[in-house]
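Peer 1: With the hints as constraints, model all of the structure from the sequences given.
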Amino acid sequence: MGRAEEPTLFELSEPGRHSWQLRTTGVPEWGAEELVPDAHRRSEPVPLAEVSERDLVAHFTRLSHRQFSVDLGAYPLGSCTMKYNPKVCDTVASLPGLADVHPAAPVEMSQGWLALLVELEEALCEVTGMAAATFQPAAGAAGELTGLLLMRAYHDARGDRRRRVIIPDSAHGTNPASVRIGGYEVTTVPSNDRGCVDMAALRSVLDQDVAGIMLTNPNTLGLFEEGIEEIATAVHGVGGLLYYDGANLNAILGVVRPGDMGFDIVHLNLHKTFATPHGGGGPGAGPVAVAERLADFLPGPRPVRLVHGAQERAVSNGTGATAYGWAMPPRSIGRVHSWHGNALVLARALAYIRVHGGDGLRRVSERAVLNANWLRVRLSSAYDVPFDRPCMHEVVLSASTLKRRYGMRALDVAKRLLEEGFHAPTVYFPLVVDEALMVEPTETESLQTLEALADAFERIAAEATEPAGVEAAHAAPRATPVGRLDEARAARVLVATFDARTRVGGQGSPGQ
Amino acid sequence: MPDYLPHTDRDVATMLAFLGLTDLDELFSAVPHALRLAGGLALANGEPEPDVLAHMGALAGANRAAGLVCFAGAGAYDHEVPAVVRALAGRSELVTAYTPYQPEVAQGVLQAVFEYQTMVARLSGLPVANASLYDGASALVEAVNLGTAASGRQTVWVSSGVHPHWRACLRTFSRGSGHRIVEVPLADGVSAWPQDPAAPGGEEAPGVVVVGYPNYLGCLEDLSAVRRIADTHRATMVVAADPVAAGLLRSPAEWGADVVVGEGQAFGMPLSFGGPYLGLFSCTMAQVRRLPGRLVGETVDVEGRRAYVTTLRAREQDIRREKATSNVCTNQTLMAVTAAIQLGWLGTQGLAEVALRCARGTRYLRDAALGLSGITPLTGNTPVVREMALRTAVPARTVVDRMAAEGFLAGVALEDLTGEGGDGSVDADAAAHGLLVAVTERRTLDEMNAYLVALDKAVRP
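If you're matching them up, the sequences are chains R and E in order. Here the first sequence stands for residues 1 to 512, where the numbers follow my numbering. Here the second sequence stands for residues 1 to 461, where the numbers follow my numbering.
Hints are computed from structural coordinates only; laboratory data are not their basis. C-beta atoms are modelled at their ideal positions from N, C-alpha and C, and glycine is treated no differently. Every clue listed holds true.
Which stretches of chain E does chain R cover? Using the computed rule of at least three CB atoms under 8 Å from a CB of chain R, they are:
(1) 96-102
(2) 124-132
(3) 434-447
Quick list of the computed label-pair ranges, beta carbon to beta carbon:
(4) E:Gly304 to R:Val205: 48 to 56 Å
(5) R:Val205 to E:Ser224: 47 to 55 Å
(6) E:Gly39 to R:Glu471: 55 to 63 Å
(7) R:Arg158 to E:Asp9: 50 to 58 Å
(8) E:Leu370 to R:Gln21: 26 to 34 Å
(9) R:Arg203 to E:Gly304: 55 to 63 Å
(10) E:Asp231 to R:Asn192: 49 to 57 Å
(11) E:Gly304 to R:Tyr428: 21 to 29 Å
(12) E:Thr14 to R:Arg478: 31 to 39 Å
(13) R:Thr188 to E:Gly380: 52 to 60 Å
(14) R:Gly237 to E:Gly67: 54 to 62 Å
(15) R:Arg161 to E:Glu204: 17 to 25 Å
Peer 2: Structure below.
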């Protein structure tokens with residue numbers, strides 16, 4: 001990876017240099033003063049960098065060399081499902097017939113998109129065991145909030161005021177944050193000594209005030225909630241709904257479906273399970289699928305197959321095939337996106353599903369679970385495995401013993417792995433595990449890669465027994481573009497823009 | 001059976017043996033038998049890539065809109081995206097990375113986002129910008145969440161000049177947050193704020209005031225009036241600003257905005273049927289602890305080298321859980337990086353030039369269109385810069401349909417945004433006969449003249 005410091009684009013800037021080129025239009029060249037009233041017109045242009053195209057390319061290419069990615073190597077970041085992203089999906093997302101369609105184009109002129117969305121909805125409903133879905137949520141957390149608003153609308157429609165949503169203590173942080181923004185109070189239930197929801201604790205908080213429960217299954221410990229049927233019965237018994245956080249769906253494709261487990265609302269992270277790339281932190285897509293009794297509440301308008309003649313703007317697409325249109329669900333919660341969701345991400349997901357097919361998706365989960373279990377068994381002598389039984393798509397290890405005996409923490413292990421050419425696992429999550437190292441190899445890593453990763457993990461653990469090894473781990477990473485960062489300083493003296501550099505200690509400091 | 005799995009049969013056998021298993025099904029022993037899916041998924045078997053590409057290509061081919069000359073806007077614009085931006089934004093290091101949780105190996109994305117934040121702050125004139133939100137609507141929802149938290153009041157005055165879909169999102173999320181959304185109507189295309197600065201009818205004073213600049217009908221609002229209302233009520237002033245028009249207009253910060261949000265699609269993202277786009281968000285330093293989502297800050301590493309890291313993390317959901325300022329986790333980082341590349345390509349002069357060319361095209365088309373017998377202004381003489389609402393003699397949907405046959409996406413029928421019957425921005429008649437038209441720097445004089453010929457025909461009864 002690139003180790004040379006890269007100046008910012010602003011430092012590369014030279015007044016008068018440029019790379020833009022715009023179309024020759026022949027439009028009369030009125031001046032800004034003829035077009036914009038004085039009171040509104042800016043006096044100076046917005047200052048941006050001024051660089052040549054050659055420098056622009058060099059800058060972002062050098063930056064990209066300072067960035068780890070799935071394409072570069074294994075990325076066993078637990079809960080994030082960093083699998084290989086098939087290149088064919090990039091081609092699909094750049095098809096002009098998909099990329100160049102305006103979102104407000106009339107249905108007659110966007111039949112291909114509508115057909116694509118309906119096909120994807122049907123596929124995702126089959127995978128989840130649900131009846132209908134919305135594509136508007138742009139990411140998992142947006143899906144969660146949408147799901148909670150659906151939960152509220154469902155109860156409200158029955159005249160049923162409920163205030164609380166139950167979340168296990170192993171849940172992703174987005175769950176409680178979404179619950180609060182959705183207008184509910186969080187009730188946390190503890191995990192039992194097997195890493196699953198403590199049934200007695202759950203029963204003790206269940207009553208008519210509970211709107212529902214949010215669960216990830218397999219949970220964030222990589223374990224299948226063994227009592228899911230009992231949980232579903234108990235929550236439904238008090239009139240609550242079951243919400244499925246789809247972050248870990250990669251473990252169960254074609255094996256078991258959230259709908260069959262009793263879930264009523266499911267969000268999917270297409271950027272995890274369905275291999276749409278993460279883009280350094282997005283765009284994702286967080287479609288929400290629901291059981292039949294919630295379908296009327298979905299955000300809208302939704303893409304639908306039209307029954308010929310049933311609707312005014314129904315049209316044939318010219319081939320006599322079924323035509324598509326938009327429909328607002330009768331009791332819709334409304335919009336949750338400016339348009340129709342992250343459409344090009346959805347197109348990628350459909351291509352991924354079609355390449356794999358029903359048979360291939362099942363193989364995806366089998367290999368993902370096989371890889372995780374292989375690592376679990378292989379690493380169980382070098383690391384603590386707090387819940388040492390067959391896991392699903394990921395395994396949570398712990399550096400607890402290494403820390404106690406040698407002062408080597410999970411963070412040190414993570415930083416050493418970076419030196420070894422791997423991305424680190426997720427650390428210190430889930431919160432219920434001390435010194436957690438959450439490892440999710442995904443199905444696209446080969447046995448050779450797993451062996452190399454396990455070798456690195458073991459080497460690091462072995463080094464912990466020597467003082468020099470621990471010291472080296474504390475100093476890691478050194479072979480990376482930068483070493484450990486002074487994160488406290490970043491927060492204490494906030495420099496979040498290039499311009500703030502000159503204001504450090506002045507206006508640049510937070511909280512003033 | 002096409003897939004991307006590296007396991008040979010021998011690998012699978014070796015690994016199962018290592019686990020003491022004989023069968024892949026045994027991996028799922030924790031799943032109760034009664035729940036397991038018998039018979040597998042009812043989906044077709046996998047197809048080779050060329051077959052999938054043929055299918056996706058056929059779907060793409062059914063989107064006739066892609067071939068039309070685009071005069072539609074409404075928050076989604078047909079701007080120039082040069083080869084260099086596509087090439088750089090498509091680099092796999094940027095595309096296939098996760099959120100930068102390990103900054104030592106994520107300096108590429110972190111620095112690109114730092115540069116993006118700088119550019120967004122310069123556009124708005126405010127000192128700090130976050131690492132992106134999902135889209136313009138989600139940025140507005142987060143701004144209102146920030147504003148109500150800052151003011152301690154749940155009432156939000158929203159100009160009906162804010163994009164109808166964004167207002168719809170505010171209404172949706174208010175059911176969870178409990179915010180009271182009061183939509184202020186427009187007159188001649190600009191907000192008709194209550195004459196009496198006091199809140200009407202003894203109701204709670206606004207904690208947040210929201211206005212579009214220019215608004216979704218293309219009109220320039222009087223932001224000083226909005227600042228006065230915000231001052232009167234000690235409310236947070238939120239401006240939903242068009243970031244391209246910003247190339248010509250005084251910055252929202254100069255008008256006193258506390259929070260500026262916007263849709264960043266214009267900076268390097270194709271129309272994409274509505275996403276992925278980019279939510280722009282910037283605010284004053286006083287509100288930085290309430291900032292939603294990720295923020296990249298500069299620091300140094302152990303050797304004193306300049307480095308970047310996500311900062312003020314105690315605001316975020318994975319640390320703060322139910323006390324977080326927002327639930328946002330995955331955002332639109334690649335779109336933010338794309339915008340940084342596009343703005344790097346445009347530079348100071350390029351952005352000004354794009355904004356100017358949009359305004360010139362809008363002026364030309366507006367003047368000529370208003371000379372046609374079936375076209376009248378919909379927003380009076382209120383100045384517009386990069387988009388305009390025209391009143392058509394026949395329903396605007398009819399105009400759009402007729403113009404499509406002539407090769408144009410003529411614009412967006414207002415009814416398709418406001419719903420039938422209109423809303424606070426336009427009445428039912430204006431909604432049915434309103435056509436929102438955008439002219440970007442990509443539209444040539446020849447295209448506009450051909451458009452005008454087609455429009456002249458299309459507006460006849």
